[in-house]
Amino acid sequence: MSDTAKISLRDVHKSFGPKKVLQGINLDVGPGESVAIIGGSGTGKSVTLKCVLGLLVPEQGSIKVNGTEMVGASRSTREEMLAHTGMLFQGAALFDSLPVWENVAFGLIEGRGMKRKQARDIAIARLADVGLGAEVANMSPASLSGGMQKRVGLARAIATEPEILFFDEPTTGIDPIMGDVINDLIVKCTRELGACAMTITHDMASARKIADRVAMLYQGKIIWDGPVSEIDNADNPYLQQFVSGDIEGPLDLDLKHL
Amino acid sequence: MDIATGGSIQKADLNKSANATDWPATGEIIIPMPIFAPVGRMFLAFLALVGRVTVFAGRTVGHMVTPPFYFRLIFKQMREIGYFSLPVVAMTTLFAGMVLALQSYSGFSRFSAESAVATVVVISMTRELGPVLAGLMVAGRVGAAIAAEIGTMRVTEQIDALVTLSTNPFKYLVVPRVVAGLVTLPMLVLIGDIIGVLGGYLVGVNKLGFNEGSYIRNTFQYLEQLDVISGLVKAAVFGFLITLMGCYHGYHSRGGAQGVGQATTNAVVSSSILILISNYIVTELFFTR
Ligand SMILES: Nc1ncnc2c1ncn2[C@@H]1O[C@H](COP(=O)(O)OP(=O)(O)OP(=O)(O)O)[C@@H](O)[C@H]1O
Ligand SMILES: [Mg+2]
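Chains as they are written, first to last, in this note's numbering: chain A, 1 to 258; chain B, 1 to 289.
Just so you know, the hints here were simulated from the structure itself, not pulled from any lab data. Where hints are given, some of them may not hold.
25 Å max Cα-Cα, derived BS3-like pairs, lysine-lysine [stated by the list, open to error]:
1) B:Lys76 <-> A:Lys115
2) B:Lys76 <-> A:Lys117
3) B:Lys207 <-> A:Lys117
4) A:Lys20 <-> A:Lys64
5) B:Lys171 <-> A:Lys115
Just need the whole structure built from these sequences, with the hints factored in.
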């Protein structure tokens, strides 16, 4: 598996000062596979994605993308990897100095050197994919609602048609109907265009729809990893509690003392 | 449980061994550790900061001379940093030139050297007041704005987003600002010099009763090229420092809105201090041999 995997994490550790966030993550994502990462708030899901992207450097462990080691890789190696990836940040992270369409077209114009006119047309098509009309194209990101910003961020992540996609909570803050449009879009990117995806989500309905596999993060480790069809029957009590959303259970979500 | 006792035992042991081996037995030597330790820590932290800023400056210069170049962004920043600073710089230098004429007139009249007023105004403006005043004003206006903008981009992960979109944040954010500062500050200062001299002229002719022609003649009679050039070199140095400090503090800001506010303050304070220090250094390089 690990030879053919698109993304492969081995024993990844990351801490901030005394706070150990990741304590030995092992995870593989195969070609064309869509993996959903679930887990409580603050367990290190976003940190995991940032480690794969090289935005954070793990203290220990190995992260391979397309078989190339990324921990301690040279800048050109990492740039080569990033040229084929797209990332939706949890807070959208739109550039507020640029209008919406230039945000979406950024990777095309700056990364690929595409003509602005052509890039703008593509950007407007991508905006339509996430349910936004051409009238938002010239607006400033700061004047959009949170959910709209999230969708612009998603449009930006997929605009260059990357082969590896990272989505940090794509449906959070979005109404259920638009959420379903987003789910369909992610499915289209992975199943039809063949990209592989790592998606962080709290939304189990979305996870069931977009993921082939689900991995659950708890206390710095992946404690369960399996096909999405098995999440209801798995005998892992942590996973069961998370999926059903019970307050009673083994998960220590700092609620116990309430 | 017994942290306190453990600590005191250790301290006692240390004292004993110190007395026994290191120190000559000339009695109790009390070292006021609570003073030395923080001072030493601050000094080390300062050295580390100097090191980090130097590395940051080196990276900036490295990226400045290697493609890709974002000319659009450079021009945009030249407008932000240079053009929009014109009113502030013009006002400051105008009144500086005016007050300089008044002050030197009242001072020089004590030994009937009023005719030197025009010369004093032009030499002080071009050598010192033009660059330093413009530098300090731009540090407040532009340094703060740069730190706030880049700092906000840092804490809202826009800089991370740049990286994932295959764009180097140094080339995209830092270099255009630093190049713009380097290029536009000398232009601003040249304009400021002229306006300052004009301020002196207005006061000299209208208030102090100088003859128009002789004031202008006096202005240029003793002015040397080096006076102006040294001022412009200073301006370029200040432009580099202001934008560099703005970018550095913004780039390394953390901790939300409060962190951005802190970065802004640090950018203005550090660039103002650096302006005054480098002003002395450049002056010494030019005018002492
Ligand atoms: N730059 C940082 N500096 C210090 N601590 C950090 C940093 N980034 C993340 N952390 C810490 O790491 C832990 C995990 O953060 P992370 O953002 O990965 O959580 P998450 O699983 O994505 O949570 P959520 O579902 O709420 O987004 C948190 O406790 C956070 O305090
Ligand atoms: Mg997160």
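Hints versus structure:
no. : hint                  : result
1   : B:Lys76 <-> A:Lys115  : holds, 20 Å
2   : B:Lys76 <-> A:Lys117  : holds, 20 Å
3   : B:Lys207 <-> A:Lys117 : violated, 60 Å
4   : A:Lys20 <-> A:Lys64   : holds, 22 Å
5   : B:Lys171 <-> A:Lys115 : holds, 20 Å
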